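Chain by chain, the residues run as shown.
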Amino acid sequence: MEILIALAVVASIALLAGVLLAVISHFFGVEKSKDLKEISACLPGVNCGACGYKGCDDYAAALARGEAQPNRCIPGADTTARALSELLGIEIEKPKDVVAFVHCNGHCEAASMKARYEGMKSCRSAAMVYGGPKSCRFGCLGFGECAAVCPTGAICMKDGIAHIDFERCIGCGLCQSICPKKIISMVPRTSPVVVMCSSTDKGAEARRVCQNACIGCKKCERSCPHGAITVTNNLAKIDYDKCTGCGTCVDSCPTGCLKSRFSPVPFCESEA
Amino acid sequence: MDLMKSLIVILLSSVLVNNYVLSRFLGICPFLGVSKKLDQATGMGVSVTAVMLLATAVTWPIQHLLLDRVGLGYMQTIIFILVIAALVQMLELILKRFFPALHKNLGVYLPLITTNCAVLGVAINNITDGYSFLESIVSSLGCGLGFLLAMVLFSGMRSRIDETNIPKPFRGLAVTLIAASFISLAFMGFAGVVDALFA
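Heads up: the protein sequence lines correspond to chains A and B, in order. Note that our numbering has the first sequence beginning at 1, numbered continuously upward. Note that our numbering has the second sequence beginning at 1001, numbered continuously upward.
Quick list of in silico lysine-lysine cross-link-like pairs, BS3-like style, CA-CA up to 30 Å:
1. B:Lys1104 x A:Lys54
2. A:Lys202 x A:Lys259
3. A:Lys121 x B:Lys1168
4. A:Lys34 x B:Lys1096
5. B:Lys1168 x A:Lys182
6. A:Lys259 x A:Lys182
7. B:Lys1096 x B:Lys1037
8. A:Lys182 x B:Lys1037
9. A:Lys34 x A:Lys54
Partial list, derived from the structure: chain A residues whose beta carbon lies under 7 Å from chain B:
10. Ile5
11. Ala6
12. Val9
13. Ile13
14. Ala14
15. Ala17
16. Leu21
17. Ile24
18. Ser25
19. Phe28
20. Val30
Simulated from the structure, these hints should not be mistaken for laboratory data. These numbers come from a predicted model, not from an experiment. Idealized CB from N, CA, C, for every residue including glycine.
Please put together the full structure from these sequences, using the hints given.
If you want it as structure tokens, here you go:
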């Protein structure tokens, strides 16, 4: 008998809660717009957040507002991207073809040392000791952690700095994440001009520790006919959307830290 | 006057001495999961406080007016889970309809709280401690504020941790758990303080 009472009580409370919820959602519920419903139907609905939004609904809302690309869904992969681009009539943007680049040209002759380091032959351990033996606190330490991690052998160490072979680089970004100095970044494979320095020190100081440093003189910024270069924190930065590769900046740079990719930069010949 | 005093004791002790996260170890999941950033931690803390208050306001009458009358006290846990889950869903619907801005900020946390053990723990502990309705409300307010306090403190701690160079074996969850244990130990220092204050 008692168990029947218990059952009845639980069941009636559940029923009451259910009915209340149904009533509230019927009267107060916010209708999803039709577009949003259709977009949501294309998404897998697992709310993993891999797209960078707070779950599938948030991504759908961003898509509906036209703020997001349809190829962001990782679990849905190609199928979802195609369905979304069909539904919304947006072309899927191809992922950019990028390669890694070491923004440092402080080779043995150009950059001075402040100490002799005799610890483990590893950039990350060297970087833990007062930022490493190089005078420049931004420079490549040259122990080749990036070369060791590169899956295609595209990085070689020459004259104490790392060089990346653009032909072999697949743009995976492993070297970028392992570099303790954070001087490797991804640039478009076709980028015509590169900044070979990462120093944000003031000009005089940067020049004192390395002949090849960017001294933030802004000559490139002024000379660039397309406004593609900006100097912030004493360091030139190229906007590859605007750069046409005319090479004016390369000619104007007094320290030679702006290099044209077609000029003979010491890239690795196969060493083996 | 005595009532006022006992309410203050309940409030302070549930914030500091019997802190749900740091002394009773309930609600560890959101404590570790959502404490990375201060704004998220505050959002979660506020949501939990609101839900705790609401849950107590509903479960206390259910226990005393329904379950105790028909001798179903042992069904407490199941029925409370049922009621709180439904309640949070309703709250979310209503927020979404009438306070979209609030829902946008706090709404993501509400489904996470639905079956949170700290919320259930507050509802059940208020009954077992034999609190009156008013005392229960004050106690759940205190528990919620204590949760908020723990979240805010811990998010500050975690942002400091993120900036330091931690030995590899300790990185990630390991150092977070160690930090949580330290902050918990620190809160143990409050034991006896509130009783002594009003002795």
